[in-house]
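Use these hints to put chain B onto chain A, whose structure you have.
Protein chains in written order, with the working numbering: chain A, 116 to 454; chain B, 116 to 454.
Hints in this document: simulated from the structure, not taken from any laboratory.
Careful, some of the hints might be misleading.
[As the list claims (entries may be wrong)] Simulated coverage check for chain A against chain B, where a stretch passes if three residues somewhere in it have a Cβ under 8 Å from a Cβ of chain B: (1) 156-163; (2) 238-252; (3) 267-273; (4) 304-314.
Keep in mind the model is a prediction, meaning the values are calculated, not measured.
A virtual CB, placed ideally from N, CA and C, is assigned to each residue, including glycine.
There are 2 protein chains.
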Amino acid sequence: MARIALDAMGGDFAPEAPIAGALQALAELDAAHSIQLVGQTAVIEATLSKLLSGEYAGGAGQRARLEIIEAPDVIEMTDKPTTVRKKPESSMAVGLQLQADGRSDGFVSAGNTGAQMAGSLFILGLHQGMTRPAIATLFPTARNPIVVLDSGANVDCSAAELVQFARIGAVYAEDLLGRTDPSIGLLSIGEEPEKGNAVVKEANQLLASSGLNFQGNVEGRDIPRGESDRGPLDVVVCDGFVGNVLLKFYEAVAPTVMKMLAGALKLDRETAQKAFGALDYAEHGGAPLLGVKGVSIISHGRSSARAMKNAIRKAVQAAESGMNDHIGRRLAEGEEVKA
Amino acid sequence: MARIALDAMGGDFAPEAPIAGALQALAELDAAHSIQLVGQTAVIEATLSKLLSGEYAGGAGQRARLEIIEAPDVIEMTDKPTTVRKKPESSMAVGLQLQADGRSDGFVSAGNTGAQMAGSLFILGLHQGMTRPAIATLFPTARNPIVVLDSGANVDCSAAELVQFARIGAVYAEDLLGRTDPSIGLLSIGEEPEKGNAVVKEANQLLASSGLNFQGNVEGRDIPRGESDRGPLDVVVCDGFVGNVLLKFYEAVAPTVMKMLAGALKLDRETAQKAFGALDYAEHGGAPLLGVKGVSIISHGRSSARAMKNAIRKAVQAAESGMNDHIGRRLAEGEEVKA
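For reference, chain A alone in the conformation it holds in the complex:
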């Protein structure tokens, strides 16, 4: 049984997309799960009424599993990350605070990413053994999806931080993807341990003695393949600059290739989209901010109702699997390895 707080005011298509996503999620999820819609009560109620009397007319049964939590303020997409501290009554801050108070099991937002990161850090706090949180994104591959982290929380990372990311990324792969003893690669520009920049070279050495199932350096080509020459990959670790560039690059490749193909193969749009389903980010919903004490799922600002539904499902899965406690225990084991 999980209670997921949803930022009803966050994202380019709020409040419709998150609230419709909540209705879709409740229809799919076990009846024990519930959703807390956080935001301006009047706006949420009006949107709910509109959706339940229109496109979601069949969803009235889900209404009882929806709670509205008032939050009068809204953090705009253009606000600075620290705005979350200045607006404790914003949907972002209130939604996260519910979890800190033990009244919720996870938080999902498509709002201002910087503010969500800052708020998660301030309100939930960091696990012992972490110096920065990381965004963990799933990359579709020719094999199974790979967890790539950090995909944008930090522009520069130390070698020790890359090791932290490897530890928590492995737990994510275990708990949410069902991988056993996840295989970890360090993104670099050559397989040999001496290839890469100074941080990567140091991280390679630290990871080799980390007790993790470390495969060594991997290259850009290994991500779409889903494996290196040394075997399948579950987790790829990199700094947030490289990870963010790659993520945005990959997101744009599917529509680009679709456009090129539609011409060359004279595909209709529907067939092309079907073929590219595995490359569609809406399927993956959102990316957890790992390392904070709790569940905080970051969704794309342009998230559709379906993307929000998948993000909520991911929050439920994270809460139900106990991923957060698991991360805490794993980091403590990591501290012992170091000691």
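Just chain B now, kept in the frame of chain A:
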């Protein structure tokens, strides 16, 4: 009229692939151009005989435009870059020396990339105004190809070096792609000038006052699109770590997507390959090492004869357009802007 020196001993499929590529190139190129096959004379002669009496039986007419230049030593793929200094009689060193001596107009190799970079630096030297050379690669996009540099010569770059790369990348876009006043983007994790790591933020400021047609920061998604929200892109500047990861990632995306599609759409291999022609790296041949005084084209170790042919064509184009002198003049203008 260009004389191109070709490393006949370099690459996974040498000597056949480079020599067959030379025969293909001569068949396509204007009769004024010639190729210098650099390597072990006996090996080259035997390979030429085999090819001309077999698959390339129609190529006997090209024989007169091929010169064999003896180079008894070979640099292995596993050799360190500095080996090129210890093996002055290697095909790599001899081929580059021809150009330094004014006896050749360009050099092409699919051999050891590190050795080619080191050799180009030692033997050809750097242009005034450059502190490091950069590898310039063409990325296919939904619009026109984009020049991405550095795609692997340097793991860390200073802000000033990123500006140097922008200058020489623009000349490449003008002379080899025919772009007018090329539009330059700086790869970062957000469009705003304050987004990115310390080097990128500084480079943004330097580029804004460089006199170049600088569009500002661009994101990973803008590369496959071939444009940012501010317009079409011709050149994208980044450090060699990010550039190399992206390049290898992109190279692997085409086969991966092809594999996914072949299943989903039940495409036969030939149709899929045809559709993905624009994403095929063999079409683009090789990537010039820009910033050195001369033409040095780096080809993939796995280059086929067709890829080598295209690399040779690129060397001819670079030589004929006077790109090297153009780069020298442009860098001198850049020094004046700074002064």
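### Query
Going through the earlier hints one by one, which of them does the structure break, listed in rising order?
Numbers 1, 2 - these are the hints that the structure violates, sorted from lowest upward.
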